[in-house]
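J.: One letter stands for each residue in the lines below.
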Amino acid sequence: MSERLVEPPAVWAEPQGRSGVGLLVSRIGTFCLVELQKLRHDRSELITRAIQPILWLVIFGQTFSQIRAIPTGGIPYLDFLAPGVIAQSALFVAIFYGIQIIWERDAGVLTKLLVTPTPRAALVAGKAFAAGVRSVAQAVIVILVAALMGVAMTWNPVRLLGVVVVVMLGAAFFSCLSLSIAGIALKRDRLMGIGQAITMPLFFASNALYPIEMMPQWLQVVSHVNPLTYEVSALRALLIGTPTNYWLDFGVLVGSAVAGIVCAAALIGRLAR
Amino acid sequence: MTSAIDIRGLGYSFGAHRAVEDLTLAVEQGECFGLLGPNGAGKTTTIRLLNTLLPLQTGDVEIFGRSVRTDTMAVRRLLGYVPQQLSIEGALTGRENVEWFARLFDVPRRERRARVDEVLDMVDLRGDESRLASTYSGGMVRRLELAQALVNRPALLVLDEPTVGLDPVARDSVWRRVAQMQRDHGMTVLLTTHYMEEADTLCGRVALMHRGALRAIGSPADLKAAAGTGASLEDVFRHHTGETLDETETEGEKGGLRGVRATRRTARRLG
Numbered sequence: 001m002s003e004r005l006v007e008p009p010a011v012w013a014e015p016q017g018r019s020g021v022g023l024l025v026s027r028i029g030t031f032c033l034v035e036l037q038k039l040r041h042d043r044s045e046l047i048t049r050a051i052q053p054i055l056w057l058v059i060f061g062q063t064f065s066q067i068r069a070i071p072t073g074g075i076p077y078l079d080f081l082a083p084g085v086i087a088q089s090a091l092f093v094a095i096f097y098g099i100q101i102i103w104e105r106d107a108g109v110l111t112k113l114l115v116t117p118t119p120r121a122a123l124v125a126g127k128a129f130a131a132g133v134r135s136v137a138q139a140v141i142v143i144l145v146a147a148l149m150g151v152a153m154t155w156n157p158v159r160l161l162g163v164v165v166v167v168m169l170g171a172a173f174f175s176c177l178s179l180s181i182a183g184i185a186l187k188r189d190r191l192m193g194i195g196q197a198i199t200m201p202l203f204f205a206s207n208a209l210y211p212i213e214m215m216p217q218w219l220q221v222v223s224h225v226n227p228l229t230y231e232v233s234a235l236r237a238l239l240i241g242t243p244t245n246y247w248l249d250f251g252v253l254v255g256s257a258v259a260g261i262v263c264a265a266a267l268i269g270r271l272a273r
Numbered sequence: 001m002t003s004a005i006d007i008r009g010l011g012y013s014f015g016a017h018r019a020v021e022d023l024t025l026a027v028e029q030g031e032c033f034g035l036l037g038p039n040g041a042g043k044t045t046t047i048r049l050l051n052t053l054l055p056l057q058t059g060d061v062e063i064f065g066r067s068v069r070t071d072t073m074a075v076r077r078l079l080g081y082v083p084q085q086l087s088i089e090g091a092l093t094g095r096e097n098v099e100w101f102a103r104l105f106d107v108p109r110r111e112r113r114a115r116v117d118e119v120l121d122m123v124d125l126r127g128d129e130s131r132l133a134s135t136y137s138g139g140m141v142r143r144l145e146l147a148q149a150l151v152n153r154p155a156l157l158v159l160d161e162p163t164v165g166l167d168p169v170a171r172d173s174v175w176r177r178v179a180q181m182q183r184d185h186g187m188t189v190l191l192t193t194h195y196m197e198e199a200d201t202l203c204g205r206v207a208l209m210h211r212g213a214l215r216a217i218g219s220p221a222d223l224k225a226a227a228g229t230g231a232s233l234e235d236v237f238r239h240h241t242g243e244t245l246d247e248t249e250t251e252g253e254k255g256g257l258r259g260v261r262a263t264r265r266t267a268r269r270l271g
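Going down the list, the protein sequences come from chains A and B. For reference, each letter of the first sequence is one residue, going 1 to 273 in our numbering. For reference, each letter of the second sequence is one residue, going 1 to 271 in our numbering.
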């Protein structure tokens, strides 16, 4: 076959593009930029999505602070809760990200994206970290609200950068979970149902609202395989200084994000058929 | 000279439904080639096979000598693609939509701005580039899609029924630009349509597909002459299939419920 290779008409000839890691980084950057551009044009979703986490902090957080029913190791309950609510708001953004890909499929945008010189893993990684950008924007609002409510959080820029990384990694995994379900469910209604069915169990089966030690044994097992637990642990350690094993937290978050990207990349092609 | 598109023995099935059956044809470089047929004829499946969206089952496709099966990324770099559905991101401006695809096709940063300006000029959208694409009219959306498809300077422009749902003025506007770009830049154009008169005007050659198989291929003039004096491409279709276009609307992959919904959605969004 090699002797038959020809160049396209010279006037239209395009030099070789990126490949490998350069291509992956470029695509992630491109999709994150597009997400930022969308956010710049329409911030209403950020505001409407902020309502629920604010309710968790204001109503649930303040009420349980009064009751003192949850042992938090000497930390005010609101301080304990705030990182959990940040993780929860990022989870909610990411877990319904698959709906966007189904909309893009229906609108023909996905078809066009899949015809660009972008390997599916790079496309999924781009989408996953774009969900991360949106989640970080959401997390910033929750952090500001928590600060206004008197939560004693760090303002150390290195730690805050760590928070950004943790939220991005968590959102990458949960958006890939959503994209994978989209690749299986194929329809928006089904994905909505599945998303609603798994979101709250993921939230409750983590250490976002209460320490793992309070849970029944079977729920502790679930909690230990739930990446949200490691996201909350890392956020809590970074923001309010509780002890954690960063290697374990980041290891689980990076591992689950990579596994999620591989899984979603394998399934996303089903949406184009 | 190697063909722009070389399709050999192409076949594809969706379960028990045979969407494309032993299709063999070649499109020469610089040609404007039309794939014609009713919904469900296999046109869109053929397009999706040659633009790498669907994996090849049987047969082979080469684009400028590059195998679709083994040289996927190289093939994609040669393509510009406008799908049947409206495929712009309404939450971005016109310019941002084009820049997005310039980045995805690795247009070098130093050239990107000029390249985006160039294609927006080509489709007469420079004055509206800062507006959100969701505020564009149907014809403007299609022109924006053309700009997206052209920003990587494709050797092969693939248009899948790009005028569905457009009014005659907008349809004419889209086709005028396609014809001009094909003439000016020597690009190869592959288009599908079921508007026979459009293919008649634009295409140097057409292939007539029916129920997944190739029924006739040639220049519109030759095909019409073979079908009889004063024949139209509609008559050519009837001559080769024994049916009218309306009779052949099938529940095939694009003619099925999903395809019809997509077409209606496109038409609705175009207003």
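For the record, the hints were derived by calculation from the structure and aren't laboratory data. From the three backbone atoms N, C-alpha and C, an ideal C-beta is built for every residue, glycine too. Careful, some of the hints might be misleading.
Derived list of chain B stretches under chain A, where covered just means 3 residues or more per stretch with a C-beta under 8 Å from a C-beta of chain A [what the hints assert, rightly or not]:
| no. | segment |
| --- | --- |
| 1 | 191-200 |
| 2 | 211-222 |
Partner residues are not named here, just some residues of chain B that face chain A (Cβ under 7 Å, in silico) [to be verified]:
| no. | residue |
| --- | --- |
| 3 | Arg76 |
| 4 | Tyr81 |
| 5 | Gln85 |
| 6 | Trp100 |
| 7 | Arg109 |
| 8 | Glu111 |
J.: Are the hints correct? Go through all of them and say.
T.: Going down the list of hints, with the structure as the test:
{"no.": "1", "hint": "191-200", "in the structure": "violated (count 0)"}
{"no.": "2", "hint": "211-222", "in the structure": "violated (count 0)"}
{"no.": "3", "hint": "Arg76", "in the structure": "holds, 4 Å"}
{"no.": "4", "hint": "Tyr81", "in the structure": "holds, 5 Å"}
{"no.": "5", "hint": "Gln85", "in the structure": "holds, 3 Å"}
{"no.": "6", "hint": "Trp100", "in the structure": "holds, 6 Å"}
{"no.": "7", "hint": "Arg109", "in the structure": "violated, 10 Å"}
{"no.": "8", "hint": "Glu111", "in the structure": "violated, 10 Å"}
Comparing the model with each earlier hint shows violations of hints 1, 2, 7 and 8; every other hint is respected.
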